[in-house]
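Chemist: Using the sequences and the accompanying hints, generate a full structural model.
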Amino acid sequence: MEDIGVIVGFILTLMVFSYLLGDNVLYRLAVYVFVGMTAGYITIVTVESVLIPWFDSTIGSGNTIEIGFGLLPVLLGLMLLFKTSSRLGRLGNLGIAFIIGVGTAVAVIGAIIGTLIPLVTETADASGKSTFDAILIFVGVASSLVYFQYNAQRLPNGEIRQSVPIQLIRTVGQGFIIITLGALYGAAIITSLTIFSERVGFLLSPLLGS
Amino acid sequence: MSDDFEKDWLNNDDDDDLDWLNADEDNLPSTGELDLELDWMRDTETDSASQQGQNRLGVTGQLDWLRATQNQDQDDDMTIDDDDDFTPAWLKEANMDTGEIANIAEQDLPDWLQQDDDLEDDQPEEDDIPDWLKAAEPQAEDDTSQIDEADAWQPTAEWEPQDADDAALEDEEIPDWLKDTEPPTPLTTAEVMAVSSGQTEDTGDNVDDIPDWLLAADETSDEEEEIPDVPEWLAATTEDDWQPAEDDSDLITEDEALPEIPDWLRPEALEQEEQAIQTEKDATFDTLFGDDLEPIEAEEDLEAILSEATAPNLDDLFDDTDFEAEVQSEEEDFDLLGDLASQRSGLTGLLGESDELAFLDDASDNFDLLGELAGDEDEFTDTPIADAVAEDEEFLSMAEAQAQKPLQGSIEDDTLHGVQPEDSEDFDTLLEDDPFRWFDEEQPAPISTAADEDSLDWLQEIDEEALAQEAQQQINEQPQQPAASIDDYLATLDDNTFQLPQTGELSALGGEVDFDALLDDELFDTVSASTEEKPPIPQTPDMPEWLADLSSQTTGEKSAAAIVRKRKDRPLDELDDRLRQLRERGMEFVTAETDVEDQDLARILPGVKRTLPEMTFEPTEATAIAPSLQLTMDQRRRADLLKELVGAEDNKQAEKSKKRNRLPLIERALLTVILLLLVAIPFFTDVLNVGESPSSQFAPDSREMAVFDQVNALQPGDYVLIAADYGASGAAELDTSTEAILRHALLRGAHPVIVSGSPIGLLRARVLIKTIAEESNLIINQDYTIGNYLVADVVGLRNFGENIQRYIQTDVNGEPTQLNIRSLDDFALLVVVVESADRLRGWVEQVAPITDARMVAVTGFSAEPLSEPYLSAESLSGYLVGYVDGYTYSVMLNTLINGGSLIASSTPTTPAPTATSRPSDTPQPTATTQEETAVNTVDMTPSDTSPSPTPQGGEAQVAATSTPTTTASVTPSPQPSETPTPTNSPTPTVRQIAIIAVEGAVNVRAIPSTSGDVVSALRTNNRADIIGQTQNDIGELWYNIRFIDPFSGQVAEGWVREDLIQVSLAGDDLTPVPSPTPAEPIIEPSPTQEGASLKVSPVLKLQGGDEPTPTPEGEATPEITPELTPELTAELTPELTEEVPPTVSAPTVTPVVTSTEVAAQAQAIQPMDIEQRDARWYSMTLGLIGAILIITGGSILNILRVLRRRT
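Just so you know, the sequences run in chain order H and L.
For the first sequence, position 201 (counting from the first letter as 1) is numbered 248 according to the working numbering, and the numbering increases by one without interruption.
For the second sequence, position 220 (counting from the first letter as 1) is numbered 200 according to the working numbering, and the numbering increases by one without interruption.
Don't take each hint at face value.
As the list claims (entries may be wrong) - Reference excerpt, derived from the structure (chain H facing chain L, CB under 10 Å, subset only):
(1) A77
(2) P100
(3) S108
(4) T111
(5) L125
(6) G157
(7) I159
(8) P165
(9) S210
(10) V211
(11) L231
(12) I242
(13) R246
(14) F249
(15) L254
Calculated from the structure, these hints are not laboratory results.
Every residue gets a Cβ at the ideal spot worked out from N, C-alpha and C, and that includes glycine.
Modeler: In structure tokens:
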């Protein structure tokens, strides 16, 4: 069984690599297989790991409050199904609003507490850093933020122009952003090569005897 | 558009002044005596469905120009009035100079002239019956649907008198002889004929009202005495002995047919009986419809009629009420005529089903026309056209002027019908003399003569523009017929149409219609000869017959096509500025003539070969039409950017991108092969290995080392959360690190709890730990737990952080986990393995802020740049990146497992003791005390990873940490066990932790006194490791703790008073230390342990997190003898942290667990076997070099290409 899995994995890997020569049916077939298997697995895991435990702990508890609490998301979920109907689609808006509202609130609060404040604090805290590092961090953060502001002054001749200092700061910020994006791009290439080498090693394993 | 439209039909006078006549020339009455008869004959075949609706009320010719305007409204290109399409081809070939008709092909002849074999198809149907007749005799119609159809096409059927005046007027217009007929009994056809003869002036009574010609006819026909008022042929219709022709053949010979034709229809009779009256009518009609007619002889009578006319009113001319009156008038005529249906049936019996039946079947039309004209001056106003003629002084003046003009001859007449005249100048003259040129705004026609100027004063007041507007408005108000192309319209026409001869030509033959002469082959020969002289025009199979004929005969300057072609010759002076600019602009384009003749064009306009080829119009800076569309370079750049963003590209860009995407296969294959070779070579040989392998150990104080240290600081029984939050794409990069951390945690005796926000990641971690579990005999939910799938992204993470119990009550298989975890704080460490920075941000934002547990991360290379800030912000205690750190970590782990030495971090980040399971071949267990050396080197005892078949007991080592003050060795009893399976000895742990038990902040001081400096502060439920305790001068008990400073994030030490904390053992937070009393009886301190204050809970927390269980029956109970240093209490001073006596006998702790349990909990974590570890690394390195070279080379090539283009 394990050997079959290895063989199937070998074939599927080659099929995916065939995309290097262009989009073709082999690549698409492999992708479809992966997507289909993933969807099926996620469905099973969701049912077993999420839904059933939820129902067991709420509806199956025998407590009226728990039952009501457990039926609430079921009700909202069923209302989402009405989105498929143009006439009754409005009923699904409640579930959508609930999801978006809660999600947005959680994300914003988390971003403020978990990212914004710590980063600002860290940027402003020069302790533990060298002077150069502290200045570099401050300049990088400030100039990058300035780069994303688009306020400008309208001149008497109608031309819209930012002040020279702002333009200079924007330029510096743009440089930081470019470096950051370059680092991300380079890191992405390394990641790709990591995966590629791992797969190549997998393909060559029969030849290597391992 | 509207301007063009108006001018289209008003200004095309140069070319098609007579189009309105030509278009329906078949309907035109002419001067011939047989016009009355033949007019309806022609009408039977020429009317199409659309024509019926507008031109079936006997007003056939008058409204044609209006119908033409409607057609113009439908389609500008559909200039029906411009085309001489309705002229039969054979008739156009008639040589009017000689009065002969050339020979034409038989198929070109009209049906009634042909001996058609298919009478059923060609038999006149509903459209041949006047509409008013259809409405009047529904009972006579077999097919009522046809009546409905006819009604649908004649909205006039619903016309009603709008007011009493109209009715009164209508009543006044009834001929006197007809008024006296009370009740209005249906008259016979003969009576109608009498009316149509126009000899009503001789009537004195009802009987006298009968036309003379009818009376004469009665007199000349002795056989009709029985029915004196009815012609012979008509009288026969009342007879019962009407029988259909015995010969069913549709062919009727001339000898058979002609005798059946009534005498009054014979040219001779008509000429004799109606000559005088007809002259007047001809004058009227010639004035109405042409200027090429014979001079009016009864001019005085016409003037008498015109004198009674009033000024024309266009509203009256086109008022529906007039048409209503027309309908009613026609109905009255019908009443007078009697039931024509019965007559038709009689005729059918007489003539059989032959073409001549159509001739007779359309007698209604004839009667219609007769009824229209019967009263001459008196009856002339009974119809709208009569109204128009009678009241339109302008029109009448033109008619009068026309009457004064000399006869133009047959050439003009021919020209009128589309036949090319010999002298084109005459044709132009004829066009200029068109009386309807007054419709033309630009060239008002000369309309008056000196003789009638006095009576046309009102005409001077006419605003032509206003009239044109009114006409246009009226056209707009009329219901629009479905727009159709000229082809569609032509397709609706019957091929057998337009083949009736023109009465004018017939009259030109000599005033009498001789069918023999008409059918004479010589005439057709003339036509054929004339046709042969013309150049052949290619014909298409689907070309209508009439158009094919037209195309073969009208390629000159006088044809419908020529008229259309002449449009382009419109003087430039008449063009407005816009059209002039457009023309100039069009002249700028270089057009190439196409030799290939367009089929559609050939079908519509035969002979026209030149068409403007299609051109791509591209706005440029030099565009004169739309200069406002000129774009600056900046605007173009922005537009291009916008197109690129929205994915919209023009054709050029699309082609470019297509070419760009269509990278040559060979080029792509070449790059692929190069990269593949570079990546694959290291797996075969190390010749091309570039660089060095990753370091075998992390650098001290590095983020990577922080991770290792914190995992290495895990204590047996500690819960460690491992979030394998990555998918299949990150597996190749992160699996190594995940596996290494899992092994390390298990090696430390911790209990991994695996969760994931990705089911695939959960699956990957499950596979990994399953492998480890098989190697080390681990038991799920006892040694490790695979938690549930975290749904809902950040919301799910938040929910997981706040309601973790709900997520870990059951594992992924639904089995209860029995985990004693109530919050995230119960985890000793959170390890987040993510492949994307967004997911890491989710964990940091949603989970880290709500727990005091330390969090470390493992990310891929792509997420590294965004992970660094969180480390700086101390949200993370450390992180590993990609395969390289996983490589190093695995090396360090293997070194640790194999008992090698590692250079520990200079920062004492982990105060916890190290528990190592090491099976020993030594039969006698040894108790050693690991101490931190001066060089911070951790001495790893070499271990034998192979399980021992005869375990003599394991060596449990509670290694000292940075401070050797609390060191205890728990040595299990060496007594042999009955169960030989355990290969490793358990590693019991004794570790005390302090939990802040009071609300608010608790100061941590530098010395065990409230007067000491505050080092830091801890909050409620914060934890710290107890590294010592002491009593100060006033007897207060103070604990020396090591903790993570919440302010600096660094490891710090300090003192906290005993009443502010709760002391418990690690992994059993609910088990407080009862009192700092000496050890329980099971702890037997050595003689040197006097005064030792270390308190060991009687309940030891062992690996697996389970409480010690009673000794199973029948099993030996190993003894666990803790070895405590005698100076524990005494040396709980800061200065004692430097050195510890190397040899201190520890107290013996009586074991409370069975050997079997200990053996079950023993774990032998195998070193990681990373396949092709070095090969992968060098493969990555070489591949990276290759990628850099490819990218750089491609960029250089692109730069060179750009430079070459610029140069």
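Chemist: Run the structure past the numbered hints and jot down the numbers of the failing ones, going up.
Modeler: 1, 3, 4, 5, 9 and 10
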